Amino acid sequence: MNDDWLIYRGAGEPHDGIDALPDPPPWRDFDGGPVVDPGPAAAAAEGNVARRLGAHRQAAELHRPEPEELEAVNAALYLRRPLLVTGFPGTGKSTLAHSVAHELKLGRVLRWPVVSRTVLQDGLYRYDALARLQDVQLAAGGAGAAAGAGAGAAGPLPGAVPGIGKYIRLGPLGTALLPTARPRVLLVDELDKSDIDLPNDLLNVLEEGEFALPELERVADTEPEVEVLTDDGTKATVRGGRIRCRSFPFIILTSNGERDFPAALLRRCIQLKLGQPGEKRLATMVRAHLGEEAARLGGDLIREFLGRSQSELVAADQLLNAVYLTHYASPASREDLADLLIQRLDRPR
Amino acid sequence: MPEPPEPAVPPCTAVPPCTAAASPPAAPGIRELAALLRAAGLDPSAEELADALWLAGHIRGPGPARPPDHGPDPETDPADPSAEPVEPLRADADADDPVRLYAPGAHPAGGAEDETPEESPDDHGIPVRVPGAAALPRILDVQRALRALQRHRPPAPPTRLVIDEGATADASARALGLLIPVLRPESRREATVRLVMDASPSMAVWHDMFEELRSVCERLGAFRDVQVHYLHRRPDGTAALGRGPAPGSALRSGDQLRDPTGRALTMVVSDCAGPLWREGAAQRLLHRWAECTPCMVVQPLPQRLWGRSWLPTERGTLARLEGAGQKLRFRPDRPVLPGRITGGIAVPVLPPSPTALGAWARLVAGLGTGPVAAEVGRVRADHPAAPVPPPPAVRPPRELVARFRSSAAPRAVQLAVYLSAAPLTLPVMRLVQRTMLPDSEPSDLAEVLLSGLLKRSGPGPGHWYEFVPGVQDVLLGPLGRDEAALVLKHCSEYVRAHFGAGVRNFPALAVAQLTGVAPAVAAPAPDDAEQAPEGRLPQAFAQVSAKVVRRYLPGMPQDGQPVRQPAPAPVIARAGAVRAARDRLADADADGDAGARALREAVAVLRRAVTAPAGPADPPEEAETELAGALLRLWTAERDPDILAEAERAVTGLRTAAARAARGRVLYERALAAGPDPDLLAAADREFAAAAASDTAEPDLRRDCAVRRAETLIRLSALREDPGALREARAALEPLAGPVPGGDPGPDPQAPPDPYTEPHPELQSALGRVLLALLSRTPDPAERTTLAEEAAARLAAVLAAAPAGTGRAAAAVRVELADALRHLPARLEEAAGQLAAALEETGGDPELRVAALLCLARVHRERYARDADPAALEDAAEAYGRARRLVPRDGDAFRELLPEWGDVLLDRARTAGGRRFTGAAVRVLRESRAAVPQSDAEAAHRLMRLATGLRLRHAYERDAVDLREAEYLLELAVRNSRGPLDRARAWRDHGDVQQEIHGHTRAADRLDRAAESYRLAWRAALEADREGRDDHEGREEPDGRAGREDTALRLAARVQESRGEVLERLARPRAALEEYRSALQLWKRIGTDPDGRSEGLRARVRALESRR
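Which chain is which? The protein sequence lines are A and B, in order.
Numbering-wise, this note's numbering puts 138 at position 138 of the first sequence, and it's gapless, one number per residue.
Numbering-wise, this note's numbering puts 678 at position 678 of the second sequence, and it's gapless, one number per residue.
If you are wondering where the hints come from, they were derived from the structure by calculation, not from laboratory data.
From a predicted model like this one, the values you see are computed outputs, not experimental measurements.
Careful, some of the hints might be misleading.
As the list claims (entries may be wrong) - Mimicking DMTMM-like on lysine to aspartate or glutamate, the simulated pairs with C-alpha atoms at most 25 Å apart in a straight line are:
1) B:Lys489 x B:Glu441
2) A:Lys273 x B:Asp936
3) A:Lys166 x B:Asp164
Could you put the whole structure together from the sequences, leaning on the hints where they help?
Shown next, in the form of structure tokens:
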């Protein structure tokens, strides 16, 4: 299919098209290695689809992107650039990540929810210095007690204290940057909620495709290879205290559009704006989630929802809830229920 | 990429090597591309450009000319040297690029037949960033002044604890080596700032200042978050927040910025002059914010105007209350003026100056010691609306200007004078301000905007203003001619910089006329002008330029009092004036663009002539008609609607044929300018018809009117989708054009009735066009052939009569001729020959080339229909590919071209050796689907075609993803379909796809679904059948003679049969038997059964029955 450049097709059918992805442009070619096995959680075994996708499975399988969405996703895949998705709540920003992971068999989606206190370090890795200190002190105390007061100054016994790797756990971003054979999918959710500095900090890591763990660099000459925990809960080996990616992860940055991002970030991302879904798309969504019958019955709700979304901020999830619940409610109370469930998000608080 | 690795090349230097790898000789092309992008207002970095080019190379896909990267299509016969058929299918890199490098609206779309591109009000240029001086005076000082905010600590307690290393070490040392971690609260920035920009129109001037304030806040490092909001007014009068200054963006309640945690600072930038402030809504909102968090208003207007805004200030001192958090206390200097608002919260109002901002910042941060002098505005929770000011009395323009002069700053007055010679859009106004008054400030421009001398014009994009009627003339008074020329010169530079050298630069032409110097830039010759994207230049540029020229040049009558009245010619005899005017018009013809002056003089002479009474010897209404004609020419050059209106006034109520013809032309132009408007076209048609039928008119005029009438009717019929107008045009033209030339001898071969011994080519070609238009609306094949033959004969006669037979006009006729010939299977080669000649003659006219190529592609398709030769399809595909490169992606032609092209590729892919065409077919069909929105009437059809392409590709490649995608597309098509027949077809295809998927997965539920889809298809088909019988005017199927009803029934019968087969596979023979029987009954109803379907059915029924 050399004329058709789309790798991600949005058909909901898992396939190995990712292997046909051409080599990256030279300026986005990362040479991290050796290859790390992402572990069973990320393995694309056919059997555990349900477990991997969890609650997102249905939404991911049923997600049908618009042509424009398709183009943006594929451009990001080709160029090894992050995809910045902007749109109102409920326009399917997060679902897109799950859909890509499902269709291209890229394993579990690494999700990094961003809140106002999130810093870059949270995404890369956490080093639990206190626990290590505690362990060392315990070990030292134990050793000291065993060896008597005279030998106490000799320090902890090497075998008694676990290696430093036990106290390091990679965050979602750090895990995504491990040199895996296939790109991982990383969902950085609601980046616009972050501290003003996070986008710029993030930008640097995304440009370089690597980061250092100073705690490990310090011991690199004695312990060149350290096993650390990943976000998947498995172990991966870090060499020389640096992690450098091999196939650049497919990163989706989502934003509700509450804040502008620095121009440098915008320039380095593929940008995609998801508009407010129209009636057809909403109906598709309802049908996908709740079936044909519910869509037919919920037609008036969809129209009312659309009418209100002109002037108020309401999310598509609310519509789904309303259609689902009113499906079971008596017709008399339907309207009240719908009003209750579809409350405007921007109402005065 | 197969090239040698280039380790660690920094992005900037990486561009030349890597793009060179993609296309070796491309370096100068890249430079051109970069220049083009920059001219379009984009400013790509080297990296972005490299990304775009690299991606474009991959979207195009590795063609056969390049070494295969990873086995592209190994089935392609490597010995086959036919690279040509595939190569043209590749699309242009730029047009395919989803990064959308092209600027939207960069090409004039549509309007293919117009001789001059139409200028519609929305044809504004591309928004362009103009590098300007800093809008915030002394920006560094402001930054320094606000630095005090870094010390601002919101009252909320910090919540995050971190290890204090020093303290830990110290404590551990004291504990003799036992480690005791010490935690301390993290000193993080907790404060956020919300910048709120008033989005009322008059605030547009301050946009740059606002941006700078925002970047200062971001650079300050004092805030955890800097949010930007725009304060809009909802239609119901409440205040709401939007993400951008444009009113279209989604609005949220203003209460969202009420922050009970008290961590946020709110800065409102507003001139407090908009309706929100008058109605009190803005003040009430501000009160709600200020209850929780510190708020302030940055008032950019000069302080002497503050008292006139809707947030008047009082002077006093602000002091920080000890122990009361961030509350500030205000103590007024003097008692409140009567009538002012009292109570409520005092919100500081600050000018954007470092001193004022610094004092406020220190106060908020708690650094200041004593009270600070400040101006505050009062806002109350129940802030009342100010009474609506009485509508401004309609004052004479002189008085308006005088009042402005007396109250405004001198520089603002001078600026208003300069602006009277410029088109009033903000970028141009700023440019004039910067170049003519370099030391003025934004507030001067703001004063002009708020002066009441201007009003906003039109709802179009961008900020356009116009003067209140009459004011411009008054302001132009003190403006010297040289200054006017200078202003226009700056405007012309703006035009050249932002619209390119290709447009007709009206300000430059005006400068040339004012100074008497030929324009420095070569004014485009009339030939070039046809290709130039003239429509992009906003009309105001032409109108204002013309107005200024009319003001200064002698002999140009104007609305105001003429300053330098030319030596008044006393009473001119009408006849003499008309003669003089005709001389000037002839001069104008001779001089081309430089003759614009002659044209204006002719108009001036005629304007005076029509005021004179008609002498007995004068031909009736001659001067008026002549004036209308001259004005029409002026209209073509200037596109000023006033001119058209004047022309219409000149000939209204006149009765001669010439006058009626002129009125028809005016109406026609108005109709096109209005978009086009069918009622105006119909009115034009009546005038032309009357003029053409007049006995007294000269033959030339009558002929001209007949031709124009034909044009009008062709347009009218296209607008109203009614062939009646065309029949009328044909009936009117046939007597004039005589019998069909050549060939057909008719009953009376030698009897062309005089006065036209030889019918004029114009008539023939007009009639030819009418016939062609009629042809496309005629369903009957025999009639179509007749029409095509007649049209071809007439158009061929035009070609034969043309003396030179070359050039653009001839090429256009050739394309029309070929369009007629392609309906005649025996003459397709002739059509192709005409088109080849046309393509050579068109030269650089892209529209005509596209038309010729599209026609060529259709001719090749007809050839395929005749010969069933797959090579013809490849030729057609190549022609589409060539045309595609000439069409902008957002043009109408693009949308129409794609489905035809996709169909051709589909047909080719179906025939022998079609495998290598499937990829191209899918790509084109995908584009075709993406080119129309889902609400479009054609969307369902395009979806189904794409699904067909995917299924075809699946047949070759066996890729299950194609099937899944096709399945989804068909479901989408069902939902988007406009009628039951379309729905039936989509369901049928859906059923087929289910069966194909079953072939992969062997899952039985796919067969169940197939059966269900066929059932739905059957139901929809029967519905279509019922509808077809109820409503016979349903559009006929383009391919079948059978008509809608029959098609629907056949479809129903076939899907029933398919359903039966599926049920048989599901081992449900009894249900299958039912379906076969019902299919048989349907065939019985249809009657004819050419394929012998019912025979096979009967056999199956028998087989099943015997098994039971």
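For each hint, the structure was consulted:
no.: 1; hint: B:Lys489 x B:Glu441; in the structure: 22 Å, holds
no.: 2; hint: A:Lys273 x B:Asp936; in the structure: 21 Å, holds
no.: 3; hint: A:Lys166 x B:Asp164; in the structure: 24 Å, holds
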